[in-house]
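Asks: In case you want the letters, here they are:
Number of protein chains: 6
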Amino acid sequence: MATVALADDAESDPRVKAVFDDIRATRKTDFINNMWRALAFDPGLLESTWADVKALMATPTLLDPLTKEMVYIAVSIANSCSYCIHSHTAAAKAKGMTDGQHAELLAIVALAARTNHLANGLQVPLDPQFDMAARPQ
Amino acid sequence: MATVALADDAESDPRVKAVFDDIRATRKTDFINNMWRALAFDPGLLESTWADVKALMATPTLLDPLTKEMVYIAVSIANSCSYCIHSHTAAAKAKGMTDGQHAELLAIVALAARTNHLANGLQVPLDPQFDMAARPQ
Amino acid sequence: MATVALADDAESDPRVKAVFDDIRATRKTDFINNMWRALAFDPGLLESTWADVKALMATPTLLDPLTKEMVYIAVSIANSCSYCIHSHTAAAKAKGMTDGQHAELLAIVALAARTNHLANGLQVPLDPQFDMAARPQ
Amino acid sequence: MATVALADDAESDPRVKAVFDDIRATRKTDFINNMWRALAFDPGLLESTWADVKALMATPTLLDPLTKEMVYIAVSIANSCSYCIHSHTAAAKAKGMTDGQHAELLAIVALAARTNHLANGLQVPLDPQFDMAARPQ
Amino acid sequence: MATVALADDAESDPRVKAVFDDIRATRKTDFINNMWRALAFDPGLLESTWADVKALMATPTLLDPLTKEMVYIAVSIANSCSYCIHSHTAAAKAKGMTDGQHAELLAIVALAARTNHLANGLQVPLDPQFDMAARPQ
Amino acid sequence: MATVALADDAESDPRVKAVFDDIRATRKTDFINNMWRALAFDPGLLESTWADVKALMATPTLLDPLTKEMVYIAVSIANSCSYCIHSHTAAAKAKGMTDGQHAELLAIVALAARTNHLANGLQVPLDPQFDMAARPQ
Numbered sequence: 001m002a003t004v005a006l007a008d009d010a011e012s013d014p015r016v017k018a019v020f021d022d023i024r025a026t027r028k029t030d031f032i033n034n035m036w037r038a039l040a041f042d043p044g045l046l047e048s049t050w051a052d053v054k055a056l057m058a059t060p061t062l063l064d065p066l067t068k069e070m071v072y073i074a075v076s077i078a079n080s081c082s083y084c085i086h087s088h089t090a091a092a093k094a095k096g097m098t099d100g101q102h103a104e105l106l107a108i109v110a111l112a113a114r115t116n117h118l119a120n121g122l123q124v125p126l127d128p129q130f131d132m133a134a135r136p137q
Numbered sequence: 001m002a003t004v005a006l007a008d009d010a011e012s013d014p015r016v017k018a019v020f021d022d023i024r025a026t027r028k029t030d031f032i033n034n035m036w037r038a039l040a041f042d043p044g045l046l047e048s049t050w051a052d053v054k055a056l057m058a059t060p061t062l063l064d065p066l067t068k069e070m071v072y073i074a075v076s077i078a079n080s081c082s083y084c085i086h087s088h089t090a091a092a093k094a095k096g097m098t099d100g101q102h103a104e105l106l107a108i109v110a111l112a113a114r115t116n117h118l119a120n121g122l123q124v125p126l127d128p129q130f131d132m133a134a135r136p137q
Numbered sequence: 001m002a003t004v005a006l007a008d009d010a011e012s013d014p015r016v017k018a019v020f021d022d023i024r025a026t027r028k029t030d031f032i033n034n035m036w037r038a039l040a041f042d043p044g045l046l047e048s049t050w051a052d053v054k055a056l057m058a059t060p061t062l063l064d065p066l067t068k069e070m071v072y073i074a075v076s077i078a079n080s081c082s083y084c085i086h087s088h089t090a091a092a093k094a095k096g097m098t099d100g101q102h103a104e105l106l107a108i109v110a111l112a113a114r115t116n117h118l119a120n121g122l123q124v125p126l127d128p129q130f131d132m133a134a135r136p137q
Numbered sequence: 001m002a003t004v005a006l007a008d009d010a011e012s013d014p015r016v017k018a019v020f021d022d023i024r025a026t027r028k029t030d031f032i033n034n035m036w037r038a039l040a041f042d043p044g045l046l047e048s049t050w051a052d053v054k055a056l057m058a059t060p061t062l063l064d065p066l067t068k069e070m071v072y073i074a075v076s077i078a079n080s081c082s083y084c085i086h087s088h089t090a091a092a093k094a095k096g097m098t099d100g101q102h103a104e105l106l107a108i109v110a111l112a113a114r115t116n117h118l119a120n121g122l123q124v125p126l127d128p129q130f131d132m133a134a135r136p137q
Numbered sequence: 001m002a003t004v005a006l007a008d009d010a011e012s013d014p015r016v017k018a019v020f021d022d023i024r025a026t027r028k029t030d031f032i033n034n035m036w037r038a039l040a041f042d043p044g045l046l047e048s049t050w051a052d053v054k055a056l057m058a059t060p061t062l063l064d065p066l067t068k069e070m071v072y073i074a075v076s077i078a079n080s081c082s083y084c085i086h087s088h089t090a091a092a093k094a095k096g097m098t099d100g101q102h103a104e105l106l107a108i109v110a111l112a113a114r115t116n117h118l119a120n121g122l123q124v125p126l127d128p129q130f131d132m133a134a135r136p137q
Numbered sequence: 001m002a003t004v005a006l007a008d009d010a011e012s013d014p015r016v017k018a019v020f021d022d023i024r025a026t027r028k029t030d031f032i033n034n035m036w037r038a039l040a041f042d043p044g045l046l047e048s049t050w051a052d053v054k055a056l057m058a059t060p061t062l063l064d065p066l067t068k069e070m071v072y073i074a075v076s077i078a079n080s081c082s083y084c085i086h087s088h089t090a091a092a093k094a095k096g097m098t099d100g101q102h103a104e105l106l107a108i109v110a111l112a113a114r115t116n117h118l119a120n121g122l123q124v125p126l127d128p129q130f131d132m133a134a135r136p137q
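Residue numbers (my numbering), protein chains in the order written: chain A, 1 to 137; chain B, 1 to 137; chain C, 1 to 137; chain D, 1 to 137; chain E, 1 to 137; chain F, 1 to 137.
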């Protein structure tokens, strides 16, 4: 189920086809996952989303590709996005994430969630030492 | 403000003192941040929380220390834990996170949040290719 | 799957039947969606929930019906309520939401999520200009 | 700071005064906390909110008063509502919550958050045994 | 679907078998639900998770078993963990939660969510009366 | 407090100055709120964030400006972003949101949160009628 139609002929729209072709070329695969098929209901939204995902996740940047995927998974878990957890876990595994690294990622996410809830429950006052705004640059 | 008292004499309890001493020894600093001072209202909760934070975040494991802090920050942002965002950003900077890495971390967290909300809004159906449970091991 | 039974004969309870009849009359349809069938496990919870949904969402108020549905969808996405996203997107479409409006709604939700995470990650200090409590009335 | 004015003379509106009087009578105190002062910017919203809070939280029901406050705190922590965590922790303490019970409440909230993130990260498939909808009534 | 394989022969690993045996002995049932089967992909994560769940949820503590399950459900709902909502609702029912108690639990969770969003939307300033950190102990 | 320095001389960087000048020109005010001052620690992040906020929120699109701000506020409340709630409530008021509209917005957000938590707590099964993916286009 989805809240928009996933059209089989989405690529009859040249803007959609251009994005799908770029996804295939960038990822070196014919597989277009459902996220993009769903976004194709609005070519503008598809274009802007893919452009930004490509720029950050499919292009060399400061952080290494696997670290980026692990951060992405962490956010997706905390935001309870089932689709994103699946797709980015698959992406991280494709980029070499081992079972041991996966388990440690989940352990850190779970530990952070635990202390997030403790700190919020205690309403811990901020230590002035943490204030970057007050520090000399 | 906090939901528990942050006692000035918390270390008069030997269990609290033992944890605080271990925090100081492990982190090589005299600074005990408010999270631990707040948790000291219950020595058992303080002990179990510190034991697990120490084992994962203050001990060499598979992932490097900075990656672990970045994952921690990502979860804390998504869970809106103000204290945790401050404390772990400070920790990441202490472990060498540059402004460029910080900016990229925030960009990935923001991109993930954006696509999390898009995927949830579209209720994108899972692609069978993502199913790890069905794969031969 | 559900955490309560969805009874086929829920309307044998006159309180449930009265609510279902009012839903049918208000919405001018015979379709009772599963939300109400599930809530029927407790007639009091069903009555109070429907009364408040009807008063705000099925009655003319200050905001127009489509705006109200779009706000409802936005909250449901951020809270990751799959059922609510589906049901209120269907409701918004029934009230005339076009694909273009749907795409723009999702774009705004995604932009807000992105800046929410940025502002939380940066822990941006509040500008005193935003303080409504301090303003003369 | 607040997004609405907290008027000193809010009770010059008879609808606001009636609610504030009922809060004072119900709680047997002159203290009107800021939640109600803020809601007073719209008497209708103030009335409906207080009516429902009173009916569930200030009236004997199936669950005992302290259990209800602890559930309220748990939800407020997970939703990161700083004000609600403070006000309901104070309410729970006023109803007899000991430091030991408070610590155990926080430990359960933290454990739940931890396994919530693990289960979401693993995308654990539902066991058919959990399906209440399928069970004979 | 899951992000890890749920191995049929997980118990061929003696560490997994030891945990599963302890789950069966503690719960007095042969049923091992999928949460543990999924966690078995990493014996260390399985061991530490079960140890802490057992200590808090399957051992007599200050709070009674049903209250603990209700708090757990409340957090799981707010964090939108579908699996956890199902498994802990089933556990609460096994511990005697009636339909009336279930309905009241949901009503409180819903009321808390409602006032959480109101208080956050209004950005209600904290009342100094709520500050436990400032109180004499 | 913030996790980055808010530099007084941020505009000595020409990229920052160009964005700040565009904010001033677009909004017809000299006021640069702290969100942009904080983002200025990384000119690239500042540029991309402002470009997208400007394109959607400060440019005529399908939805009217006030509706867009109300959707933005709704998401910010659900994500518990204190800064965003303040800044976008101020923006909505500047665009004409009355107290009555504000109260109704908050009432809808609170109602959605309430039914989000009910639907998640009940794990209401999706009605096939909501499936847009299955509908003929």
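By construction, these hints were calculated from the structure, which means they are not laboratory data.
It is possible that some hints are incorrect.
Stated by the list, open to error - Calculated lysine-lysine pairs in the DSS-like style (CA-CA distance at most 30 Å, straight line):
(1) Lys54/A with Lys95/B
(2) Lys54/B with Lys95/A
(3) Lys93/B with Lys17/F
(4) Lys95/F with Lys95/C
(5) Lys54/A with Lys93/A
(6) Lys54/B with Lys54/E
(7) Lys17/E with Lys54/E
For clarity, every value in this text was computed on a predicted model and none was experimentally measured.
Asks: If a hint holds in the structure, say so; if it does not, say that too.
Replies: Evaluation of the provided hints:
The straight-line distance between the Cα atoms of lysine 54/A and lysine 95/B is roughly 29 Å, inside the 30 Å bound, and the hint therefore holds. For the given pair, lysine 54/B sits about 29 Å from lysine 95/A by alpha-carbon distance, which is consistent with the 30 Å threshold. For a cut-off of 30 Å, the pair hint linking lysine 93/B to lysine 17/F stands: about 27 Å separates their Cα positions. At most 30 Å may separate the alpha-carbon atoms for a hinted pair to count; lysine 95/F and lysine 95/C meet this at roughly 25 Å.
Simply put, lysine 54/A and lysine 93/A have alpha-carbon atoms about 18 Å apart, close enough for the 30 Å limit, and the pair holds. Under the criterion of a C-alpha separation no larger than 30 Å, the hint pairing lysine 54/B with lysine 54/E is consistent with the structure, at around 22 Å. Under the criterion of a C-alpha separation no larger than 30 Å, the hint pairing lysine 17/E with lysine 54/E is consistent with the structure, at around 16 Å.
Comparing the model with each earlier hint shows no violations; every hint is respected.
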